[in-house]
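Student: Here is how the chains run, residue by residue.
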Amino acid sequence: MNEKTMMKNAGKTKGLHYEEPLLWEYSQGGNCGVDWPQAEGREPRTGVPERGKIGLPSLSEPEVLRHYVRMSTWNYSIDHGFFPLGSCTMKHNPRLNEKTARLPGFAHIHPLQPESTVQGALELMYELQSWLSELTGLPGACLSPSAGAHGELAGMMTIRRAHEQQGNIAKRRVILTPDSSHGTNPATAVMCGFEVRSISTSETGGRLGVEEFKEALYRTDPMGGDVAGMMVTNPNTCGLFERDIQKIADLLHEAGGYFYCDGANFNALVGKVRPGDFGVDVMHFNLHKTFSTPHGGGGPGSGPICCSEELSRYMPVPTVVKEGDSYRFETAEERPDTLGTLKAFAGQFGIFVRALTYMKSMGADGLKQVAEDAVLNANYLLSLLKDDYHAPFEGPCMHECLLTDKVQKEFDVKTLDIAKTLIEYGYHPMTVYFPLVLHGTMLIEPTETESKAELDAFVATMKEIAAQAAGENGHDKLHAMPLSSPRRRLDEVKAARNPILKYVD
Amino acid sequence: MRYLPQTDKSRAKMMDAIGVSSVDELFRDIPKEAFIDGLADLSMHKGEIEVGREMASMAVKNMDASSVPFFLGAGVYNHFCPASVDYIIQRSEFLTAYTPYQPEIAQGTLQAIFEYQTYIARLTGQEVANASLYDGSTACAEAALMAMRVTKRKKVALGSALNPEYRKVLEAYLHNLDNTEIIEGNPNNDTACLIVQSPDFFGNIHKYDQYRKLCDETGALLIVVITEVVSLGLLPVPDMADIVCGEGQSIGMPMSFGGPHLGFFACREKFMRQMPGRLIGMTEDADGRRGFVLTLSTREQHIRREKATSNICTNQGLCALSFAAHMSFLGESGFKTLARLNHEMACKLADVMAEIKGVRVLNETFFNEFVVQFPDGTDVNALLEDLATCGVIGGLALEGAKMLVAATELTTDEDIEALTGALSEVLAGA
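The listed protein sequences correspond, in order, to chains A and B.
Under this note's numbering, the first residue of the first sequence carries the number 1, and numbering increases by one thereafter.
Under this note's numbering, the first residue of the second sequence carries the number 1, and numbering increases by one thereafter.
It should be emphasised that the hints constitute simulated quantities derived from the structure, not laboratory data.
Simulated coverage check for chain A against chain B, where a stretch passes if three residues somewhere in it have a Cβ under 8 Å from a Cβ of chain B:
hint: 1; stretch: 45-59
hint: 2; stretch: 93-103
hint: 3; stretch: 297-303
hint: 4; stretch: 489-498
Listed below are several chain B residues computed to face chain A (Cβ distance under 10 Å; list not exhaustive):
hint: 5; residue: Ile-18
hint: 6; residue: Gly-19
hint: 7; residue: Asp-64
Under the rule of at most 16 Å between Cα atoms (straight-line distance), these lysine to aspartate or glutamate pairs were calculated in the EDC-like manner:
hint: 8; chain 1: A; residue 1: Lys-368; chain 2: B; residue 2: Asp-8
hint: 9; chain 1: B; residue 1: Lys-154; chain 2: B; residue 2: Glu-171
hint: 10; chain 1: B; residue 1: Lys-32; chain 2: A; residue 2: Asp-277
Cβ atoms here follow ideal geometry from the backbone N, Cα and C, with glycine treated the same way.
Here chain A stands alone, though its shape is the one from the complex (with noise of 0.2 Å):
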């Protein structure tokens, strides 16, 4: 430990706010937290110079512990309390779905190995496989993407190999999406090299109209022959079911297009509801949603697609088959439509142990209780905040609802604002300024995993914030929340005109 460092911080800590140097801040030199055997000095058949001075910090194992812990002391996560994230599905995160990943079975295996010698891990592919096929009616399932926008780019590429292999794909180049859909949406048509043609919600009640649809999808052919497909995502962002989806779903099949459904908001349905029973070709799931696989401050995450009959001979390779009592990876070799490979190797299956777990634990009518309690939970709290709050749009909701700040921008109070006072109160914000469709929208989600009562504390403090904005100096005070979390609010812009993404000494 650098002894000018400890003496610089010395003093600042408050109560458990402990202030934590950088790494390289605290390295005096000379320490190393791992005990190695002797290195024999044999001479390197590398053929190029030795590595020099990398500038790598040296601790001992107390020093590095410490630093970690007192870090991660500074973080909200979802084992302290309440955390109605819209569209993150913050559900409870079980911890014998860490355990079963840690098996040596599991933990300690190659993706190259023998498939002898692999027969439980292609098993437990398999088994995933033909979980998320019964629940979604879809009866492909490739599990290879590694997130939610890498099985959009996987359920889009698919749509594209199958416009390629019957030759459309120079016609059909325009990807229809509603403006409430997630960014990554429009973004991954991009990469599929498609063009995106947006449609507006805000008129038609946050939900997808049938004529707005027909406008967008004749637009530049009347017969819609330019369409290669539309991306959804159902239940929406607004929180709502789009109503009219089958009706929608049939125009675009007509047209001879494929819908493409975003399944980031699986939770609502899973286990009551079967997407390919309302005319999805190809969808998506977050196993680190819907199915409780840790969100790890950001990832690692799990994307697999299920698609349709039609659509199953285009989608990525691997994908596991039986055979008999055994089980084996399906190559390009044997599916030559497929789009190809797009991840190196089966994918991120340290959590498809534990989605797996998870579903058994839960079973069909866990799954199912899941769906109800999410919509519940999420109609309980819009029916209590809706007089606090401006509800754009009429319920009931799915399994999140939507809020605006319209009442408290009356009062020079924004959802910013309104997000920040949470923060002080113990919460974590819900997701703000998404969807777009409206200013300042406040999209909760509180998952099937929070009780009444949590729920009930969570409304009373949010009326409490109403009642604060609409008080004496109701902006200046919440204008400087947060007061008592570890930081303040930070300079974004500061951050962003002088990017510094690295420590230098």
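Mind docking chain B on chain A? Use the hints.
Tutor: Coordinates of chain B only, in the frame set by chain A:
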């Protein structure tokens, strides 16, 4: 059901408050045909004991590297990880946090990833590093796409043997865009980038000078791909590259049948705004104290939508944390010793294998893996199956009766003996 806190009583009270008599009224916007009749055709909920048993029964059917002599590499390596690392990443505050959108209560993740970016920048000799990508293969594809954005060119040249999995991913990503092409060999005046993997897929080590010169002559960007990050502790720093990317699994992640692993990505500062993925930057809070935030997000999909640099909206946060924690335990001397131990064990393996009748080591240079040649006509896949029957996981079969083998700091003299013993036996029997 142990994960659900609501009870029938609380549900009834909530339905009263909402003003519905059944929960199905809340699902009324959904077409009737889409509802599952009753329950999905899957097993019912189960307790921890039963689920634990079912998962364990699948796990024991696999032959794992912690219980047998193990020599596979090819982009995924069997390394030691200090016990403390797993405790750190299992802290609730790291494990169950979201992407750090609210920096006031996410400084733990943000500072840890800022430190991770510093590690990657220093290891690769580059000016800036991002907060990580999915894995080495997608990082390589993103690097090629970035080079195409920077140079406005559409061809990608491969200068050395790229891991075939990486190559397949690169092909799939590029296929989406019109007029792209992958060529093998030298870049020319319409090439966006030259990709050089070193050590290459066959373990050979490449000098970067000649590749830099080719790039300077043609205006292509030099992308260096590293699939074994430990090699950076022994081999020269690739600081003459424009982009360095690759796989960080070796430091802090189990092999886990191929994922989750860690794509690292670093480049020159002048290309910073063309980078894919998340970035963490340093700033100050309202009281003037140092803090960290997600930054330069105007490159990203949630702001730019169809004009974003990539569709990526997350990183491999916990894997990056694991990497940084493991690296912190190692430090400068520990990391370099690790690299040396890997190389020395591979040298030992090469010497012993070269003595087996009918086996030849093909590499002149290598770090911790290399290619051996068996007699013509040897069915290497069958040989590997035979080895597995003897309780040894050998290397990877390559075309032409060859095998790629790796050694790490976990390889023991006894392991090498077991491999060579079993190999001699199998080859003699063939």
